[in-house]
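Asker: Spelled out from the first residue to the last, the chains are:
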Amino acid sequence: MAKIKPSKGAPYARILGVGGYRPTRVVPNEVILETIDSSDEWIRSRSGIETRHWASPEETVAAMSVEASGKAIADAGIDAEQIGAVVVSTVSHFSQTPAVATEIADRLGTDKAAAFDISAGCAGFGYGLTLAKGMIVEGSAEYVLVIGVERLSDLTDLEDRATAFLFGDGAGAVVVGPSKEPAIGPTVWGSEGDKAETIKQTVPWDRFRRGDVGDLPLDSEGNVKFPAITQEGQAVFRWAVFEMAKVAQQALDAAGISPDDLDVFIPHQANVRIIDSMVKTLKLPEHVTVARDIRTTGNTSAASIPLAMERLLATGEAKSGDTALVIGFGAGLVYAATVVTLP
Amino acid sequence: MAATQEEIVAGLAEIVNEIAGIPTEDVQLDKSFTDDLDVDSLSMVEVVVAAEERFDVKIPDEDVKNLKTVGDATEYILKHQG
Ligand SMILES: CC(C)(COP(=O)(O)OP(=O)(O)OC[C@H]1O[C@@H](n2cnc3c(N)ncnc32)[C@H](O)[C@@H]1OP(=O)(O)O)[C@@H](O)C(=O)NCCC(=O)NCCS
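So the protein sequences, as listed, match chains A and B.
UniProt numbering applies: residue 1 is where the first sequence begins, and numbers increase by one.
UniProt numbering applies: residue 1 is where the second sequence begins, and numbers increase by one.
None of these hints come from the bench; they were simulated from the model.
Some hints could be false.
Unchecked claim - Within a straight-line C-alpha distance of at most 25 Å, the following computed DMTMM-like cross-link-like pairs (lysine to aspartate or glutamate) qualify: (1) A/LYS246 / A/ASP219; (2) A/LYS280 / B/GLU18; (3) A/LYS283 / B/GLU53; (4) A/LYS280 / B/ASP40.
What the hints assert, rightly or not - Calculated Cβ distances over 12 Å to all of chain B for the following chain A residues: (5) ILE36; (6) TRP42; (7) GLN96; (8) THR230.
We put the beta carbon where it would ideally sit given N, CA and C, even for glycine.
Just chain A, same shape as in the assembly (with noise of 0.2 Å):
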């Protein structure tokens, strides 16, 4: 049997550079007001959002990203050049093929990077993160660009109370690359089929386009409404709640770090209430940093995770060095928790 060369990889992968994009234009709560019977002290209160940002046409999925990992490569310090794999999740790229992320690799100057989709939801980042891991230390890429990036308004349904405050725009990148030292904990992750009707597309697109009308909702005119995103809110927000607290501690229990040891926690931007119930249940001490970005960004789905990381790194309540906590849940059910140190 002939023997097979094995690729060599680096010891251990980090977090080298973050970097974030957030569109031009900035939604008060008012502006959801117009289509839906509610109000701002509501949506504060029930979910802690006071404004979120949505895309503009130019700022396409490709557009936002390659702005956000422009800035995550200086911060890296490294050249575009060098970035072996380009890894993007999303769920609101409306087109099937190719994958966006070959684009992006193009446009940002890679030597022909390997570059691919993924799709976990809410939970895209911390999928993308491990397989950079993966890769970086066994060896077919020395860096990896991960970018979460979402224009969930393009997957909104306005009149739909449920969900018409909650989604934002954004996008936001890391790049990963080699280290001395561990730097990115085991990943406690996994998928929860059995509850996929709790988030999901209203319409699929083959029924869409059929205009199977069935039991889906229409529109004044009565034609299928454009896909949306709908969920089960009180579902997701008990499985959120107590499922997702035992599998952060799980995270935390993998990588040897006891809550006083962390820095930061930056779990998935989905609700404001449920980051809250998350500290207290973990029982978080006093001295670490919670991302509530969730505030002003709204829920960007897979670019939350990044987008709040490089908030707290620019406003300086987290700093390079800190060892922070990062959870990522959503639709699929999906899951995906690890410790990592701030680049």
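Keeping the supplied structure of chain A fixed, place chain B with the ligand upon it in accordance with the hints.
Answerer: Positioned in the frame of chain A, the structure of chain B with the ligand alone reads:
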């Protein structure tokens, strides 16, 4: 051993105190969670899950909306506890 009505009310009082910061003595059978005890629909989910653990009952989402008062919850738990 199944909890008595008094034990359930006392347990719910501790849970509501923990989640909404309401003094335990204010948690009485006739009190409405939302109107009297500052427990909104999302805090109610937290109360329900804490009660499930404490009293070994399952309270599905569709039953939660029927639990308007501390008395409703107490009665439900008395009936369904394992
Ligand atoms: C969406 C969410 C804020 C809704 O809150 P909720 O408490 O579950 O809302 P409910 O639908 O049970 O409604 C509770 C009350 O508020 C009212 N209400 C619902 N939506 C409202 C709105 N947009 N504005 C004002 N009132 C509203 C309801 O009519 C109801 O009133 P009632 O008790 O008088 O009948 C909440 O369920 C949530 O955030 N869940 C988690 C979702 C999430 O994060 N998903 C993404 C994960 S990646």
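Asker: With reference to the structure, classify each hint as holding or not holding.
Answerer: Hint check results:
no.	hint	verdict
1	A/LYS246 / A/ASP219	41 Å, violated
2	A/LYS280 / B/GLU18	10 Å, holds
3	A/LYS283 / B/GLU53	18 Å, holds
4	A/LYS280 / B/ASP40	18 Å, holds
5	ILE36	16 Å, holds
6	TRP42	9 Å, violated
7	GLN96	34 Å, holds
8	THR230	16 Å, holds
The earlier numbered hints that this structure contradicts are 1 and 6.
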